[in-house]
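Protein chains: 2
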Amino acid sequence: MSKQKRTAIEPTRADNYAEWYQQVIKAADMAENSEVRGCMVIKPWGYAIWENIQRVLDGMFRETGHRNAYFPIFIPKSYFEKEAEHVEGFAKECAVVTHSRLEDDGKGGLKAAGELTEPYIVRPTSETIIGASFAKWVNSYRDLPLLINQWANIVRWEMRTRLFLRTTEFLWQEGHTVHETAEDAMEETRKMLDVYAKFAREYLAIPVLTGEKTESEKFPGAVNTYCIEAMMQDKKALQSGTSHFLGQNFAQASQIKYQNREGDFEYAWTTSWGVSTRLIGALIMAHSDDNGLVLPPKIAPSHIALIPIYRDDEEKKAVLEACHEIEEIFQRQYFEDIRIYTELDDRDLTGSERNWYWIKKGIPLRIEVGPRDVAQRAVMLARRDLEARDKKSVPIADLKEEVLKSLREIQDHYYNNALSFREENTRKIDDQKEFYRYFTPKNVNQPEIHGGFAASHWCGAAACEEKIKEDLKVTIRVIPFDMPEEAGSCIACGKASQKRAIFAKSY
Amino acid sequence: MSKQKRTAIEPTRADNYAEWYQQVIKAADMAENSEVRGCMVIKPWGYAIWENIQRVLDGMFRETGHRNAYFPIFIPKSYFEKEAEHVEGFAKECAVVTHSRLEDDGKGGLKAAGELTEPYIVRPTSETIIGASFAKWVNSYRDLPLLINQWANIVRWEMRTRLFLRTTEFLWQEGHTVHETAEDAMEETRKMLDVYAKFAREYLAIPVLTGEKTESEKFPGAVNTYCIEAMMQDKKALQSGTSHFLGQNFAQASQIKYQNREGDFEYAWTTSWGVSTRLIGALIMAHSDDNGLVLPPKIAPSHIALIPIYRDDEEKKAVLEACHEIEEIFQRQYFEDIRIYTELDDRDLTGSERNWYWIKKGIPLRIEVGPRDVAQRAVMLARRDLEARDKKSVPIADLKEEVLKSLREIQDHYYNNALSFREENTRKIDDQKEFYRYFTPKNVNQPEIHGGFAASHWCGAAACEEKIKEDLKVTIRVIPFDMPEEAGSCIACGKASQKRAIFAKSY
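First to last, the protein sequences are chains A and B. In terms of the working numbering, the first sequence is residues 1 to 507. In terms of the working numbering, the second sequence is residues 1001 to 1507.
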């Protein structure tokens, strides 16, 4: 593949997408693999993005009436066994604590000792352990709705791991709520999905699809699973958040009963919903380019890199003075609901090295402050969404307005880019041959890269879904809410179908 | 013991301190024990206090140049074995993960399967796992200082547990830093201890002592451990935070080496420091009374309970209107750096029931809004630090100022109360018989309650410390920084001593 120009990240997306992803993370210094199987170390630049995700979502959860709490990391095996589908879904990949101490192994090392009478599972999700508390907390309809959220670490012994996307340990939030009626629980399930969609669109600048999962893709133990689904730049789908209507399944498993308005006891209705550090993977793959990480301003840990340029002490003095003046301008300044942060980078490196350092980290704006600019009371402003060489002289007097306007434009630019990309790579397909062609790799070097999303009819049969999966490794990612009813024939079996589903390869 | 009046919490502190503690937590709905051995469930009111602790401390850590990151929860056994004192200190009480899945046990249940080649320990502290990353991150003196903090959950298989004070799982922050020189590392160790002391005094209203731990009480693997130490209302000491100078011990164990300014490679100098959910236990035991939880305004999840009182719909309308007006007054209002939150409690309960509900939860202020008050554009203001019946009529026009003033007074009141209590219960003791008498329980029903803190001479010998511990269950809690040098004789052996230490029973 011929290259137009040298890029900061090698390989490029077009050359090797999977490796490009790893290199973007490395170049931005966001995370690294640890020697603990499948566990990552989240470095400060990556963790700061997670903190921003937490802060914004936490505010949204609070506004919708939820309160945070914390439940044990360990789940007794017996709790886990209470919901059959649930245990089936998680038992194959979980960390099991069997001992409570280490003792001398007689060979100069240590061995596990103090065997537990009942093994504990490190939580792969908390429905059963939280359910045990809810059973105590809920007595009457007056106790409902019970709206709880937990920020926690989760462990699933995944076989193939990839930074942020799939790791043995990851960080997440899990909402768990209890309701009087099925309608109330369903309303909550949909409300929280809307919160996720709003967050993904307005903060992460990711135009997610919202809708329902099929039976085979839903959460183990749920009645219905709803999701936000995003398209990555390799045209694969990434499930970015899920909200589950659990019916009375977990209420029965955990004995969450309440006295209703008529004085009778009945099982409550529950929901759960979560997003995780996987969102950082979504963010990277939705926006980043061959020069590294790209961050929408509303989720960036920092917004402006200030790069002083000088040759001698006299220039240094004037230039740094201007830098401090600019820091002052943005001190406690907000871009909408986001506080603006600046990074003064006065390291002993060339201007180009410092510019590229911040380009690779995805900082939205760079401001170069040189002696000639300062003499004219101006600075050079560069945007991460434009070419690195596209700099614009801005008078210091206008800088605040220009920065606020640029941040808004950059945020919109990324969203619109991602939306166009998804639209360009989504096709209504009614012909089975065309469907199979669509999902056949075009490039032998990147067999994972295929056509994109197909909006095709599906009759609802699990067998049809399974056949497509076996033939093409393509699955139904979501049955979108906004997909109109429409007569057609199932892409797999040709039988009558009322609705299209979104088929794609996925992470 | 005769009672002067009925109290909201039974038993009282004087009757049964340990049980009183549990009942305060229950009445304030802060936390409960789970069925998972020694693990607690932190309920919303308790967790909100932890979130406030996190928010304030996190800001202080950031101001002192630290960045947050996240490291794996699992520590390979081989990492753990690298520092001899360290493993000795933690191996006896740790959760060991030995398997990676559950499988059918042939008897209708599940058993652990997929044995790991190397067991993992659930982190009891993270020096060794973080050290493995630091060894990669640090290459040159230019990479130093490296200033990292982690907010995480921790597991120690404690034998006797008590809510917040000692639990198998707890939440904490652990700072880990790397420095060029011993001096730099020591400066960091002391700086972070000062941060903790400032936080405890100004936010938790706890007048902590600061100083050094003796050899027998220091962190396993540390060269020096410094601490903040508080007196609880049963006159026992509670270690509330520690900061460790680790010398080169952990740098050697993890091979954290750097190229110094002369071009030679040498081991770096490291520190670690932490506070945990134990601080919530300290908060409860430092201030709460026989009517329940007491919360300093600067750490309270919410500040004002608004209690409307009415008999009919007409009164209801006027009273609720006034309540909303008051909510408006405090919307986005700050008390110093703390945002004020109000709770409108319009539940179908008597005014007295609602008042006592909030008294037991420790909310600093209660505002009763009744029809006669509203007619006069006034409300009744009650303070948690005064008698429940001490209410004061305040014109709505003056309410904001009165509330701000009251919050400041309450904050100071609690600090001063705690300080007086500690001073009244600290005694310089030079006579061994008096020392032994001081630590003999006065009340046979509460054998744990004793004299308080003794400031007594200690020669520095571990044997003397050990003898006092065996005889009286009294240990040296801290050698305070501000204790003047002074000639005396060791309280245990009578040999010459240059300094007093603080002896006490402790949690």
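Derived by calculation from the structure, the hints in this document are not laboratory data. Just so you know, these numbers come straight off a predicted model, no measurement behind them. Even glycine gets a Cβ: it sits at the ideal position worked out from N, Cα and C. Just to be clear, a hint being listed does not mean it is correct.
[Stated by the list, open to error] Residues of chain B placed beyond 10 Å of chain A at every Cβ, according to the derived structure: (1) Arg-1201; (2) Ala-1463; (3) Lys-1473; (4) Tyr-1507.
[What the hints assert, rightly or not] Not the full set, but computed from the structure, chain B residues with beta-carbon under 10 Å of chain A: (5) Glu-1035; (6) Trp-1045; (7) Trp-1050; (8) Thr-1064; (9) Arg-1067; (10) Ala-1069; (11) Tyr-1070; (12) Pro-1072; (13) Phe-1090; (14) Ala-1091; (15) His-1099; (16) Ala-1132; (17) Trp-1157; (18) Glu-1169; (19) Gln-1173.
Results for each hint:
1. Arg-1201: 26 Å, holds
2. Ala-1463: 27 Å, holds
3. Lys-1473: Since the minimum Cβ distance to chain A is about 24 Å, Lys-1473 (chain B) lies beyond 10 Å and the statement holds.
4. Tyr-1507: 21 Å, holds
5. Glu-1035: At 6 Å from the nearest chain A Cβ, Glu-1035 (chain B) passes the 10 Å test, so the hint holds.
6. Trp-1045: 9 Å, holds
7. Trp-1050: 8 Å, holds
8. Thr-1064: 15 Å, violated
9. Arg-1067: 4 Å, holds
10. Ala-1069: 5 Å, holds
11. Tyr-1070: The hint holds - Tyr-1070 (chain B) has a Cβ within 10 Å of chain A, the shortest such distance being about 4 Å.
12. Pro-1072: 4 Å, holds
13. Phe-1090: 9 Å, holds
14. Ala-1091: With Cβ-Cβ at 4 Å, under 10 Å, it holds.
15. His-1099: It holds, given that the least Cβ distance between His-1099 (chain B) and chain A is near 4 Å, below 10 Å.
16. Ala-1132: 6 Å, holds
17. Trp-1157: Cβ of Trp-1157 (chain B) sits 4 Å from chain A, so the hint holds.
18. Glu-1169: 5 Å, holds
19. Gln-1173: Violated, because the Cβ-Cβ distance from Gln-1173 (chain B) to chain A comes to roughly 13 Å (cut-off 10 Å).
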